[in-house]
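Residues per chain are reported as follows:
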Amino acid sequence: MNAFDWTMQLLGILLAIGAAPVLLGWVNKCRAWLQNKSAPSILQPYRGIRKLFHKDAVIAQNASRLFRLAPYVVFGAMVTAAAIIPSVATRLPITRAADAIALVGLLATARVFLSLAAMDVGTAFGTLGARREMMIGFLAEPALLVVIFVVSLTCATTALPIIAERLSAQSFSLNPSLAFTAVAFTMVLLAENARIPVDNPATHLELTMIHEALLLEYSARHLALMEWAAALKLFNYACIGFAVFIPWGLATSDAPLGLALSVMLLGVKLTIAGAALALIETLSAKLRVFRAPEFLATAFLFAVLGLLVRLLLGA
Amino acid sequence: MEFIVLLATPLLGALILGAFGARRWGPDANVGFSLVTFLSACALTSRVVAHGNLSVAHEQFFIDAFNVFLVTLTAFVGLTTSLFSRPYMRIEADHGRVSGGQLRLYHSMYQLFMATMLIALTTNNMGLMWVAMEAATLSTVLLVTLYRTPASLEAGWKYFILCGVGISQALFGTILMYFAAEKVLGSEGVSALLWTHLNAVKGQLEPSVLGLAFVFLLVGYGTKVGLAPLHNWLPDAHAEGPTPISAVLSGLLLNVAMYAVVRCKVLVEGSLHSSLPGRMLMGFGLLSVVLAAFLLWRQRDVKRLFAYSSIEHMGIIAFAFGMGGPVANFAALLHMTVHSLTKSSIFFAVGHATQKAGSQIMDNIRGLITLSPTVGWGLMMGTLAILGTPPFGVFASEFLILTTAMKQQPWATPILLLALGVAFAAIFGRVQSMVFGETSAKRLPHPPALIPVFAHLGLVLMLGFFIPPYLADWYRAAARLIGGE
Amino acid sequence: MNPLSWDLQVLNMLAALLLLLSFAMLSQRRIVALVDLLALQGALLCIATLLLAWRTGNRHLYVSAALTLGLKVIFLPWLLHRLIRRLGVYWDTEPLLNITGTMLVGVLVVIFAFGLAQPISALASTATRNSIGIAVAVILIAFLTMITRRKAMSQVVGFLSMENGLFFGAMSATYGMPMVVELGVALDVLVAMLVLGVFFFQIREQFDSLDLKNFESLREDQ
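Chains as they are written, first to last, in our numbering: chain A, 1 to 315; chain B, 1001 to 1485; chain C, 2001 to 2222.
Treat the hints as calculated values from the structure; they're not laboratory data. A quick note: this is a predicted structure, and the numbers were derived from the prediction, not measured. By construction, the Cβ of each residue, glycine as well, lies at the ideal position given by its N, Cα and C atoms. Just to be clear, a hint being listed does not mean it is correct.
Stated by the list, open to error - Computed footprint of chain A on chain C; a stretch qualifies when at least three of its residues, placed anywhere within it, have a C-beta under 8 Å from a C-beta of chain A: (1) 2007-2013; (2) 2016-2028; (3) 2097-2103; (4) 2106-2116; (5) 2129-2143.
Throw the hints in and build the complete structure from the sequences for me.
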């Protein structure tokens, strides 16, 4: 763990924080293209965040300390998660600090704080959003955990970097269990990041909101941090998906060339993933809220099927 | 030679009657084909009695002591039922309950049904036995729904689905058996599915696989036998079709399914060297007897009543085969014979009774003895026979089974006795009021043809007193073959 | 981990997809889609049989694959589609248990099936012995599909799916049954479907619907 490693780690974190809004912008651009609309610039989310930072925060009178703290906690959790996930390299110091299950716990912490903060002010929509968010989370978390179990079984470890290394070292083979868990993971990604078909990120109808409802009371820098955290969450999930299902290209040593290659490859993967996400969103319709559990039950089912197939067929 | 005639005649009959069954001579042709089948069955039997076991067509078919008498019994009951069905279906057509197309279907499916049962009884290939059993079910589904009433459609649906699902389990069991056999007999040709080959190497077959296979086979073929708790289709299917079909379903198909179960049991017991198959059969048998006896009390339809009686008797037969050993097997084989004859004769009498009364509900049938003494006495004697009254044959076989049970499985004897007693009370009470009750109807101008009824009852009576030596030898040889202890 | 040869990998993938299709049929409400899923199941079976035939050199597996293609992929789905159009049954929306509950029961059933098949897989000598558990799972899930349905057509599709599972089980455990038996089974299935076709019309004539709640009238005291 020399200074070079720590510098790379820091750069990696800054890259994640910096690139997350671009990913969001790219997804929005692709969606607009698919819908034959003129697209906003890819840097639009930055402008939105900068605008919010310039504003004055307006906070309800009965808001508690939690309400003010929550954006920082959530953002901090996402940054920590970004540090843990091996997005460009597998040998960086913090990447080895926690395993995949701790990662899920970290994401859960963020969700809990978000929901508590929404309920804090006592408005109807905040509570509505908080309940819906917890319902989605309650069903999505087991699915995510089973996905991690399957991958851990395949690689005999729960540490994400080692999983990525082992999977990238294998020659290509058709693994039905990994295929099923990939589908399950995509569905969980859609649910957790408030994309269609579970939630419409661009909706302005409060009764259909899940994620947006949690942010209704926030303004200025708090809202900016929350939105940045949401973008970072999507980035994190995408990187988890890459590490597990498309791990080739990750730098496994700290050679500068390998790292640079890995960063470029990450850019390519994110571009394709963003376009794919936009395609899925355009082709699906938003589910009614009471059908969201069915969607997530299907994700859970896929994950469990992947586990059973892995146990039976050994593949 | 006789074998080819045996199988070809019903198949040919099915084809011809499919085209011409609605003609005036259709029912007569039906009887004709059945007669030829019966005669070739008798010829085959004498050949087997004289020369021992017979193998036909490169061991694809195998006739030994166990199935030869079943073949003759099937052909005989097929003949007498076709005799009964001649006037019966004519009257049904006159009443307008069946149309020309339905008559064609009826006659051709009847012959096809006979053919599939004979194939199932004589084939040596376990897979083909399955195919024939399923074909037998399929050929009768459309017959059960012949009258197109809501109740018959429901009965037909339950029959199709429940028997279909059940028999799929039997297919899985057959696959497992093939799987175990393939290791020992190789996968060339069909050797691993031939019963004779399997019987020769049954000690070498993998016990765990065969045990699992037997569970599936018992559940599968047991559904077709009507063992509780898989019996739900039986009362409906036997009650809703035309009476000749009820007679052959109750009298013949249940026997064929039982035969399939016992063939499998012989193999599995040889491999497992434990009494697990026997105990399972005994369990299912006892459950059927008890359940049927108590459900008899709630029946209001006469054909359903006797369908439950079939379940009860099949339970007794299953119990006896489960006990195993020479005496129990002998008794079970005897019981299969006499039950078949008696039940079909009862259904003949009931058929005429329901046709006269125009209803199957027992409360609407009264005073059969005044209406027509032959029908009344036929039903009364048939009922007494099936309930195990001496000197009928059913008493002899039940007596043997009970005494063996007292020696080998004493705990089961009170249960059996109780169930038999409950059934006696239920059936006798109902039939008594049907035959001797008050009625204001007048006596029929002409007596219905009831020769088949009395022919069957006569045979059963004879078997109660005296079993011809060759028959006794058959039974003993078959009992030895089935083995078990 | 040493990777398996590519044909075994594809066979494993096909087996997993078969399992997935059974679950998809378990939760499907549109009857037309149900029949299409059945046809897809038949197609996967055909491909698996062809691969096995190529791998083991067994001639009769080629014939088996052709039979599967003709019967289960082409003829039976066509027959069922024709029945659906003429009878006008398109939806089966009232299952016995809600979809999520059915799926969870399905998962339990699969676990049971895998456990049941364990001793058989241990004894088998075929390359595909691990898929026996999947075959048993497909059979049991088809059984579950039949139990939780209200429309007669869905029960029939479940029944055919059970036959598919049995066929796959025979293939995984013993590279298929002898040809004569397979022909017999195929004939039985064909005749069963034809009989059913006639049967459905009779039912519809009588009840004006193919809903199975019309079939609950025969009771014990009748």
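- Structure versus earlier hints, numbers of those that do not hold, lowest first: none
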